[in-house]
Amino acid sequence: MGLLFNTVINSLILSSMYILAALGFAFLFNMLRIFNLAHGAIYMIGGYIGYYFIVELGMNHWLALLLTTLLVAAFGMFLERFLFRRLKGDFNLNIMACVFVAVILQTTVNIIVGDKTMAIPSFAEGVFRTALFSVSYERLVTFAAGLFLLGAIIWFVNKTRIGLQMQAIAQHRDGAILQGIDINRVSAVAFALGCALAAIAGIFLGAYLRLSPYMGDLMLTKVVIIFMLAGAGSITGILITGLILGTLSSVLPVFISGAASDAVIIAIVIIILLIRPQGFFGYQVEM
Amino acid sequence: MKRAVFIGMLWLLLAFLFAAGCAEQAEAPEGPKSPESSVETLRVGGIFALTGFWNAAFDNSIMKMLDEAAIYINEHGGIKVGDTQYMIEIVYEDTESNFDGTASAANRLVYEKEVDFIIGPAEHFTPAATPVTEPAGVLLFPGWYNVVPDEIDANTPYTFGTCQGSLPHGMAVIKSMRRDYPDIKKIAFLSPDDGAIPYIIPHVEKVLKEEGFEPVGDLIPFPNETEDFNPFVARILDLGDEVEAVFVEKSPGPAAVGNITKGLREAGKDYPIFCGSPISVADIATVAGLEAAEGIRTPIATRNDPEMPPVAAELARRITEKYGEDFPLSYQSAISLFVLKEAIEAAQSLDPTVVRDTLESMERIDTIYGPGVLCGEETFGIKHIISHPLPVQILKDGKPSPGGWIEIGYIP
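Residue numbers (our numbering), protein chains in the order written: chain A, 1 to 287; chain B, 1001 to 1412.
Calculated from the structure, these hints are not laboratory results. Don't take every hint at face value.
Claimed, not checked - Computed list of lysine-lysine pairs in DSS-like fashion (alpha-carbon distance at most 27 Å, straight line):
#	chain 1	residue 1	chain 2	residue 2
1	B	Lys1322	B	Lys1399
2	A	Lys116	B	Lys1206
3	A	Lys116	B	Lys1322
4	B	Lys1269	B	Lys1185
5	B	Lys1186	B	Lys1206
6	B	Lys1185	B	Lys1209
7	B	Lys1209	B	Lys1186
8	A	Lys116	B	Lys1396
9	B	Lys1396	B	Lys1185
Bound-form chain A, shown alone (with noise of 0.2 Å):
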């Protein structure tokens, strides 16, 4: 009953988490065709600006996941107005840009912390127990912030001004524009969504598991997956294979041996794409 019960609510937090990042990744594709590369790295620097308010500064860790949230949103507001806008669309370009502010990030946050541990404090301390199973608050916090984070977007995607303007780019971009929708507007407000949300499950992860300068790498293979699985332009495709990812990199580790949890997670994707190559919910991409 123990084992069942952690790995339902390890399920539940890292797909949480997935989603968070996912989502972040989904926004930027589905309107702007940007394929991310870098969100890895915001993942990370998100968790590194949360241990600097946190520990280094000493602030309050809902106090420092706010301004770190808005920071790297106005870092993606940045990127969109003096990188990526620049570049007008070019597929190509962009991926070397991301590769390019990747590869800036890493190494920055390499240099600058080396080889230190770090990790966040918990977001809560203690531990809940019961006759059949005990979980720590920790654990708690971080599934109930994911499950709010989610429910936010989705209101705010679905509800909002902003975001209907948002959903109606990513189904059609030029007929968005002839509604008279200000796109470079819009976009802004995607990026900063994008990175906030990336930075959020930054910092939530970075408490949960621990911070390295390479924490963003694994963490945008699994956001690349979800992606795919999920096909372009899915919003719901996204939660959906956010669950089935965290779920199996959950179980499938506890029955499977090491390192081959991973291969045969792999494998299932490699599968699914070969016979439904736009994933479960999404369209074909023309690029």
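Put chain B on the given structure of chain A with help from the hints.
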């Protein structure tokens, strides 16, 4: 416009790389010269991860200690061969944290820089270096080994290891556990799954058996580079109440041990945890939390350890002075450099073959960790392991504390 952006980005990248390259310049050591001696430079190759994951994880601190060892040796007259004092200059090449990079680095050192002696690589990259160093007759001292083929074996007559490998480190912490917990028998046994398990684990299991430990269930392998270790915690918990302690062997990073520790404590398990990797218990505590990591032990040196041998203590003092109290004390390759110095001076030659033959014939080799002895014929297929004492560190009252020095003794 696109070209302008591209050129701008290229300039920024170049400027950034230039700034990073200028950030740290190696110190040029100067040593005392005796009036009748001539002074020359001996270039010793260093294959380490200057970039990539392993730089951040380990190699940066190993290189800093190696630099300090070279400065120390040079200050004390360098390596003396006849009337000549050789001042050591470490020439680094980058493994780029991968096998291809390691092979390229070895090639550059052997054929471009023409060095006869190489220290490193650390981690599991040695099998990529020996195919280059062995045919060239270059003496290699790996910074780490896992008892895998073409690392240190019958096919590598120019490669020597000190006690800086998974097996001796595992032995140190196992012996330390037995010393402090004479009644514990049943353990959960975990190891990173990096391809070395079939080669090293049988040797470790033998040591566990000799020391009276019995693994419960099968070995639990985990990918070292994974993020979430909770599934492996679940597997330990699934072993039941029979488990009395947890042993994480080979070279897991602080993230692995820290997250496993955190998960076990969260599940209410307070049994002792010991780890065969030379990582600071403070790093494990950073991930797991101080309370959770209390009592955890690893085979690594501790600052201000009263039992630390004098040269090692002096190097620790210098590293602390330069890089601060939190900087890891990674002696792996520094020990090798001192062994190389002793072997060259005993051989009175810079010919790697002569130095190798002399080293093979030495009955006792003084290392900065204490007296060493050549061994390893049965385990490695070649008597090229210099066994010496190893320190253990324990987290006590929230602080890394010395856990005594363990005699590894003769490795069969």
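Verification of the hints:
no.	hint	result
1	B:Lys1322 to B:Lys1399	holds, 21 Å
2	A:Lys116 to B:Lys1206	violated, 34 Å
3	A:Lys116 to B:Lys1322	holds, 15 Å
4	B:Lys1269 to B:Lys1185	holds, 16 Å
5	B:Lys1186 to B:Lys1206	holds, 15 Å
6	B:Lys1185 to B:Lys1209	holds, 10 Å
7	B:Lys1209 to B:Lys1186	holds, 11 Å
8	A:Lys116 to B:Lys1396	holds, 21 Å
9	B:Lys1396 to B:Lys1185	holds, 23 Å
When the structure is compared with the earlier hints, a violation turns up for hint 2 alone.
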